[in-house]
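Undergrad: Residue numbers (the UniProt record's numbering), protein chains in the order written: chain A, 1 to 389; chain B, 1 to 389.
Just so you know, nobody snuck in bad clues.
Cβ-to-Cβ under 7 Å is the rule here; a few derived chain B residues that face chain A: (1) A19; (2) H189; (3) S205; (4) Q208; (5) H210; (6) G212; (7) A217; (8) D219; (9) V223; (10) S296; (11) L301; (12) N302; (13) L333; (14) A336.
Selected chain A positions facing chain B (in silico; Cβ < 10 Å): (15) R211; (16) P303; (17) L340.
Rather than coming from a laboratory, the hints here were simulated on the basis of the structure. Just so you know, even glycine gets a beta-carbon here, dropped at the ideal spot from N, CA and C.
There are 2 protein chains.
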Amino acid sequence: MLDGQPRTRAELIELSGLARSTVAGRMDALLGADLLQPGGQSRSTGGRPPTTFVFNPLARLVLAADFGVSHGRAALTDLHARVLHEEVAELDIADGPEATLGWLLEAADRLLASAGRERADLAGVGIGLPGPVEHETGRAVKPPIMPGWDGFPVGDWVRERIGAPVLVDNDVNLMALGEHSVVYPHVEHLVFVKISTGIGAGIISGRQLHRGAQGSAGDLGHVQSPRGGDVQCSCGNTGCLEAIAGARAIAHELDRTQLRGADASRFVREQLVRGDRQAVAAIRRAGRDIGEVLASCVNLLNPSVVVLGGALALSGDASLLVGVREVIYARSLPLATGELSVVPSQTGEHAGVIGAATMAVQQFLHPRSVDALLQQTAQQVSPAGAGRA
Amino acid sequence: MLDGQPRTRAELIELSGLARSTVAGRMDALLGADLLQPGGQSRSTGGRPPTTFVFNPLARLVLAADFGVSHGRAALTDLHARVLHEEVAELDIADGPEATLGWLLEAADRLLASAGRERADLAGVGIGLPGPVEHETGRAVKPPIMPGWDGFPVGDWVRERIGAPVLVDNDVNLMALGEHSVVYPHVEHLVFVKISTGIGAGIISGRQLHRGAQGSAGDLGHVQSPRGGDVQCSCGNTGCLEAIAGARAIAHELDRTQLRGADASRFVREQLVRGDRQAVAAIRRAGRDIGEVLASCVNLLNPSVVVLGGALALSGDASLLVGVREVIYARSLPLATGELSVVPSQTGEHAGVIGAATMAVQQFLHPRSVDALLQQTAQQVSPAGAGRA
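Build the full structure now, drawing on both the sequences and the hints.
TA: See below:
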């Protein structure tokens, strides 16, 4: 249905394998909520042609947010997670949750006004944060670069104010989800690597996001790098990948030792955009360091696609990608690299919001949610009015 | 149903969420094939108590095989993957597929005879091989230690001779499946590490085996070890974990440079069993090397259980486990290790056959298979004879 193909009631029963009455109930709910619309008549081999139905992606909207250390991006999307309107702001995540999420609520109202819609039209909200998140409860968990956020109930706080279901995850998981759903929907196993101030990965295993037992899966940044030695990392350990290949380490190599967090990332990216030779050499070596760790990752997970995203991967300079490829293809097993693509992100700066929207849409269109909708709309819409084919 | 609880027809309809007619059809198929048996009457709140049904795990049997470099284990199990009869033989996998699988066919007939059953009673066959396997086609793919097996259609060859569906996978994947299904059925994310001549891992992600795009996921043995340096590995690369922490490397340290493959593994294990101090020190260091690579694995996957199995982990000496734990808890992120267990295998030498049986049972009891059964038995059994509650 979500593929945009008009389908008849009989086709839906066959495709779903569900009982006729279950399909009828769900279709009534979807029709009552405008999620399904009659889509004209299908060709028939004889007799009265049956009515078809199409999914209406604009019936409800989704608010998606992607927060970095120093920016916020809010987007209003349709139920295909396509961005309709968006707003980007410079902000400091260290100002704490209420200031940051307060901006999101204001941005949401401006975006809804642009679209001529209301908060009641929101099917859900998806939020990405640059740190560990307990996905089940929507709380930030000891995020190292987000002072004031530890344990804050992000999901509940936004839900109480906006009146729609809210899901929260870390930014890299959502980038993986966004890139996968838009560019690689049929790929089973994919790894998305964000390379910026921090280095992290989002893992798609069997077309599902692999969050791990505590939601901390994908932490590449604090894997020991072969070249890491005893370089001190902000996490307390030594020799971590992030400590030698993150934006701060590169800025340090370029004699900008004072630059921290987002400033380091911005500086390195600017140098790459202007083609500074020292910066290009440094990012190529960072690429090789990241490649060493990704080679293990490829041996372990055997994905068919590795996507590079994040500020340093989106500079337009290919040296990072070249460095990564150089090592992965040399170090990983032939069986694992034979059909492996290592490519830059195509969703680019939108990966995060598209992923946040996808997460919210997946929950909203889950059969359980549709059944709940059925109970809601049963009181408002008469089944007869929803039309039987 | 498989939990052994008797259930009524109404309960099954509610639990499955499937149409009444779908459930009735599947139940008729299962009753016709003796997979389901009437299990007495349930308590009722009034009126005639409805009949309950229980799963019959002995209706059909499974042949499970686990091949190592120098041994074969064949087991006959019930549909709960419980071993009923088994046979172990010393054999050389390098003798090639026809000799090795020929032994399996003979063993199968002996095991069936012990159980008083026939080949026609087999619901399926599961086979584990000590090398890369293309799971979809059941072929061995460039297995480094299995001369003569490359591209051999293991699944087809056995199926044609035994007349039951055959699934093939690599040994470590099946050990992970076996340990997970018996000991940790409710754990979402688990990593099983086999430590013997080779070192490899089987990954359970979201309760499913993660095989990867080409089925080569879990290859820990050829991940670069921090201490690996330029030690030559049999794979052609240098510094691989297996080259410094596999049985052959340890035998080499114990001045048995001539020992290869299974002989090295057997020798090291014997030294550990007798408490040889040099062997104990060497295995502890191997444990730390394995721990370094597993620490990355824990950061990446955030499992809640890491299981150590394989000949060197089952020697009874805890030094390997101690070495592994030492490094994982020091190197992985606190969020990922907070609730992490690193434990020895409980299914031990049976992990492989239990996993092979589990794989075959999962396919046999898949709804698609049951629907096929329905079409088969519809010709033999009248629906009325199958009894309606």
